[in-house]
Amino acid sequence: RKEVEQDPGPFNVPEGATVAFNCTYSNSASQSFFWYRQDCRKEPKLLMSVYSSGNEDGRFTAQLNRASQYISLLIRDSKLSDSATYLCVVNAPASGGSYIPTFGRGTSLIVHP
Amino acid sequence: DVKVTQSSRYLVKRTGEKVFLECVQDMDHENMFWYRQDPGLGLRLIYFSYDVKMKEKGDIPEGYSVSREKKERFSLILESASTNQTSMYLCASSFTDRGNQPQHFGDGTRLSIL
Numbered sequence: 001r002k003e004v005e006q007d008p009g010p011f012n013v014p015e016g017a018t019v020a021f022n023c024t025y026s027n028s029a030s031q032s033f034f035w036y037r038q039d040c041r042k043e044p045k046l047l048m049s050v051y052s053s054g055n056e057d058g059r060f061t062a063q064l065n066r067a068s069q070y071i072s073l074l075i076r077d078s079k080l081s082d083s084a085t086y087l088c089v090v091n092a093p094a095s096g097g098s099y100i101p102t103f104g105r106g107t108s109l110i111v112h113p
Numbered sequence: 114d115v116k117v118t119q120s121s122r123y124l125v126k127r128t129g130e131k132v133f134l135e136c137v138q139d140m141d142h143e144n145m146f147w148y149r150q151d152p153g154l155g156l157r158l159i160y161f162s163y164d165v166k167m168k169e170k171g172d173i174p175e176g177y178s179v180s181r182e183k184k185e186r187f188s189l190i191l192e193s194a195s196t197n198q199t200s201m202y203l204c205a206s207s208f209t210d211r212g213n214q215p216q217h218f219g220d221g222t223r224l225s226i227l
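Chain order of the listed sequences is L and U.
Using our numbering, you'd call the opening residue of the first sequence number 1 and step up by one each time.
Using our numbering, you'd call the opening residue of the second sequence number 114 and step up by one each time.
For the record, the hints were derived by calculation from the structure and aren't laboratory data.
Any given hint could be a false lead.
What the hints assert, rightly or not - In silico DMTMM-like cross-links for lysine to aspartate or glutamate, where the CA-CA straight-line distance does not exceed 25 Å:
| id | chain 1 | residue 1 | chain 2 | residue 2 |
| --- | --- | --- | --- | --- |
| 1 | U | K183 | U | E135 |
| 2 | L | K42 | L | D82 |
| 3 | L | K42 | U | E185 |
| 4 | U | K166 | U | D141 |
| 5 | U | K170 | L | E5 |
| 6 | U | K170 | U | D114 |
| 7 | U | K168 | L | D82 |
| 8 | L | K79 | L | D57 |
| 9 | L | K42 | U | D139 |
| 10 | L | K45 | U | E185 |
| 11 | U | K116 | L | E43 |
| 12 | U | K170 | L | E3 |
| 13 | L | K79 | L | D39 |
| 14 | L | K42 | U | D151 |
| 15 | L | K42 | U | D141 |
| 16 | L | K45 | U | E135 |
| 17 | U | K166 | U | E143 |
| 18 | U | K116 | U | E175 |
| 19 | L | K42 | U | E135 |
| 20 | U | K116 | L | D57 |
| 21 | U | K131 | U | D172 |
| 22 | U | K183 | U | D151 |
| 23 | L | K45 | L | D82 |
| 24 | U | K184 | L | E43 |
| 25 | U | K170 | U | E135 |
| 26 | L | K42 | U | D172 |
Construct the complete structure from the given sequences, taking the supplied hints into account.
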């Protein structure tokens with residue numbers, strides 16, 4: 001299967017900072033894109049879907065660039081509680097009409113006081 | 114709210130045992146997945162199923178099998194557990210919807226093989 005690449009970090013930023021993560025994917029047939037957040041020793045939880053037109057949810061903004069095959073996540077006004085690993089996920093067609101998600105290995109964010 | 118339930122949060126088994134991990138979802142999702150997650154390696158897909166009685170190998174199926182007899186339940190079986198199968202196991206489910214739907218995860222099972 002094709003790959004999804006992320007910078008593992010860690011990104012170490014002060015509270016209030018703006019931080020951006022990128023994720024590149026190699027399968028041009030990829031259909032949909034998501035960002036997940038994973039806290040230490042917990043399951044991944046959906047943060048937001050990523051749409052071609054870009055989308056925003058509070059302090060979080062996601063962008064998709066199909067031509068260059070990358071997605072991004074921007075976090076404004078970082079909070080201590082944003083400290084986590086952020087996983088990029090790309091859905092691509094598989095057998096039987098199904099779709100398989102491919103996960104990046106995650107980018108670690110540490111927000112300090 | 115979607116609920117994906119894994120049968121155990123923590124499990125300790127011995128080498129050579131047959132181990133069953135169970136996963137149940139309550140949202141009538143077509144797709145179900147089993148992953149393992151190890152430090153530095155990210156999530157790796159073991160098996161997935163896009164319909165009852167259907168199964169497909171993921172990236173690391175060796176040493177594992179699965180069963181999907183009912184739509185809501187997807188079981189992962191370690192045929193003869195080995196120490197290198199000590200890991201965090203995560204189950205997930207999703208609608209098909211032309212690939213536009215995200216996955217929802219269970220809490221995970223931390224499996225230790227002694």
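Item to check | Unmet hints by their number, sorted upward, for this structure | outcome: 6, 7, 18 and 22
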